[in-house]
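> With the hints as constraints, model all of the structure from the sequences given.
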Amino acid sequence: MSDLEKHDDADDHDEHLPAPIEEPIPNPGLPAHTWRPTDVDEGLAKRAERQVSLMFTLSAVCTVIFVTSYFVFDIGDNWETVGGLGASNIALGVSLGLALMLIGVGVIQWARKLMADHEMVEMRHPARSSDEDRAATVEALNAGFDESALRERPLIRRSLVLATGVLLAPVVVLLRDLGPTPGQVANAAEGKGLKNTLWKKNVRVVRDVIGTPIRPGDLQIGDLVNAVPDGIFDLEGVELQVAKAKAAVIVVKMEPDEIKPGKGREDWSLDGVICYSKICSHVGCPISLYERTTHHVLCPCHQSTFDLADSAKVVFGPAGRPLPQLPLTVDDDGYLVAQSDFTEPVGPSYWSRSK
Amino acid sequence: MSIDTSKVADSNSTSAATPAKPSKVGAVATWADDRLGLGTAMKKNLRKVFPDHWSFMLGEIALWSFVVLLLSGVFLTLWYVPSMGEVEYQGSYDPLRGVQMSEAYASTLKLSFDVRGGLLMRQMHHWAAMLFVASMMVHLLRVWFTGAFRKPREINWVIGSVLLLMGTLEGFTGYSLPDDLLSGTGIRAADGFLKATPVVGSYMSFFLFGGEFPGDAIIPRLYTIHVLLIPGLLLGLIAAHMLLLVYHKHTQWPGPGRTNDNVVGYPMLPVYAAKAGGFFFIVFGVAAFMGGLLSINPVWKFGPYDPTKVTAGSQPDWYMGWPDGLLRIMPGWESEIFGYTISWNVMVPILITPLVMWGLLTMLPFIDGWITKDKRDHHLLYRPRDAPTRTAVMVALMTFYGLAWAAGGNDIIAVKLHLSINQITYFMRVMVFLGPVIAFMITKRWCISLQRHDRDKLLHGYETGIIMRSPEGGYSERHLPISETEAYRLTARDRDEVFVATPQVDENGVAAPGGKLDGVRAKLSTLMFADNIQKPTRAELEEAHHHAEHEHALTAALDGHAADGHQFDGHHAVEGETLRGSH
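For the record, the sequence lines run as chains A and B.
Per the numbering used here, the first sequence runs over residues 1 to 355.
Per the numbering used here, the second sequence runs over residues 1001 to 1583.
The set of hints was computed from the structure by calculation and includes no laboratory data.
Predicted model only: the values in this text are computed from it and were never measured.
The beta-carbon is built from N, C-alpha and C at its ideal position, and this holds for glycine as well.
Mixed in with the good hints, there may be bad ones.
Here are some chain B residues pointing at chain A (derived, C-beta under 8 Å) [said to hold, decoys possible]:
#	residue
1	A1027
2	P1082
3	M1084
4	L1120
5	F1193
6	F1207
7	D1261
8	Y1266
9	G1278
10	W1318
11	T1341
12	D1411
13	I1421
14	Y1488
Take a look at the structure:
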């Protein structure tokens, strides 16, 4: 207590601040320790002991249940045979959870009821080191610096800075092969790079997944078809994914007189059939929610909305540009084909997309 | 019987040395200490004192859920295959059998359906990640609201803030690993974010993905980042965070005997070790319980990633929600300068604002320190009301966060509440700016009202709820003095000092540089402190008590009388009690 009182009104103001106003109420000091029921009544203490050990025992029982469940409950084909739910997962989770929690609650009950609950007082020390220590450290540093002779030999100092400085170069250079540059990848003939896709003159528009070609007459007003360029399914793995991520389109049919063709795009649609990139011009999600009466298509990721009757102009949301349009025509067999590749890069914007 | 002299010390001591019965533990301890000298290091720390309060447990939740993450994560790596190589799924989950997918997705399905306990570990891991990030955030709020960020703990605040950033990135890389449709959509968007970076955007994207999106490199790379790079950083930072906590000693609430110079509480051994250790088991158990009962990220329902597919309601994990919300409500601004495209619509909400907000959060203690110029060490906490401006600043930031987060669910809100998504978006565009201002003003006034209430309690006592009628017919409420302990607790806080810009010399006797900056500081200091209600001085308190005594004298006739009101509260016997009694 005396230790406490000494520090009660200890002045923690530094000398730079105005003298503190006297505290309105003096520190009454640490209140006297009060005994807990378990401290004074051995019966209650015994009861607490039994509670704690009961929890520990139940925990062990739960662990046994866990191990049993591991072997008893089926997973795989029969994962939902018990009660139509993942019995294995539930049994394992609940038994493990209880086994752990009972240990935790038991230990805390033990700490609260039976461990000594005398509060202790420890004095704090300033985080800073003492002035003597600081001085000694500075002295040591200076001595070390002096003895290293770096001061008198600037040639060593400077060349060392140079040598370690240029060591950063390997760190950067070594990362160079993380990937090719966009320029190295670009290849219009193979549809590679940011500005090219698999679409080319006379490439048929085929349905996604099944790959069948489309005649304009197959479509009814209001239809939306997810499509890809013919031949894309010859690719597989990464190449297929990369190709799809750029070449995916949506083909929609609306009343021909509802279409307001963009400048120079008068012959890009056919009989009310019009085709746009499916990849959002915002950050690249595939757009998919089509409202046939308004011809609006909405991206489910960030709700950019495009008007397909009006060159896929942005009517709402964070996208900055319309969806690129794919110029359509029909081939000799009457199937929809592209007139050319997209006339602008598809997908998210990037610094040099207009270059 | 002869005396065994082998145990007698060969000194001239008066009593024979009797060594303790050699125990195995003792032998091991001796062996270790001979080599490590642990005794000296542990001597002080084994009984190190930690103060007790429920709010000190929040950071502990983060610590323990990190341990759960490490344990469950190691289990997952035993089956998970970080590869985008394509395979045909032939596992137990019937709806996807025969479907082409990446090995990453197939192995995640295997973990979920064909490894016993695999789904439990996956779900525990994901739930523990939620707990980890959430508890870090709540812990951060606690530290700010109670003033535990002040000198000497600013560096620990910075470490904590880096931990929060790292934890968020760790979460993003983690939930991207299953390579399902939802997480792939997240990576697709991340590719868009990278590409929006001026000048180098498309290069960053090509370097990260090893070529064109999606490529086959991103999953293995995210895996390395997720299981090696970031966990390593997290471990190091957590260790530093804990070491500083031990070095500074924990903050405590002021109270009788609890001052800025001491720390009062239970010793680490045994009480605190038991409580903290027990709490580890509880956090672990809760994570197991959640993993067993609450489904999370059911990747089998989403299917493998396909860049042409998406699902409505695509959303990142909740802690990534607020930048996503900003992205949704940002107008579609994009400009071309000299033929180069600048995507403000992506850059502002994703690349700039989160970094600025994080930077601001990290710098808060330093901004605060610059305004207050408080160089003292602070080890006592305050209640949020006693720092109205600080509290209001954080509530404003929370409001911004909450609104941006809600905007990230604008589609869900529109569907569930039958609202127009367009109107929600327009509303949010205004409210992310207006909301924080309103929240600031309300919070600040609210805090000051509470301070006023505290001051009233100190000066005039607490409201008893007993209404008195004077002979003249006027009504008044009876106040009784609060206990000494509570009165002390209410006054155990600093007086706020408003910084006044003076063109002369400052307290150090040095000419103040940058008079203009001082003016700004003075204005901010006024904004921060001028309206606060200060605790009464001793003179004010005495004056008030004197006044109260006078009042009591007037009503003294009522003491012990039926009209003192105590018979109504049911707690007291009326006999022998006076109104100025020992409350």
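> Hints first: check each against the structure and report whether it holds.
Verification of the hints:
| no. | hint | in the structure |
| --- | --- | --- |
| 1 | A1027 | 27 Å, violated |
| 2 | P1082 | 15 Å, violated |
| 3 | M1084 | 7 Å, holds |
| 4 | L1120 | 5 Å, holds |
| 5 | F1193 | 6 Å, holds |
| 6 | F1207 | 4 Å, holds |
| 7 | D1261 | 4 Å, holds |
| 8 | Y1266 | 7 Å, holds |
| 9 | G1278 | 3 Å, holds |
| 10 | W1318 | 16 Å, violated |
| 11 | T1341 | 5 Å, holds |
| 12 | D1411 | 6 Å, holds |
| 13 | I1421 | 6 Å, holds |
| 14 | Y1488 | 5 Å, holds |
The structure is inconsistent with the numbered hints 1, 2, 10, although it conforms to all the rest.
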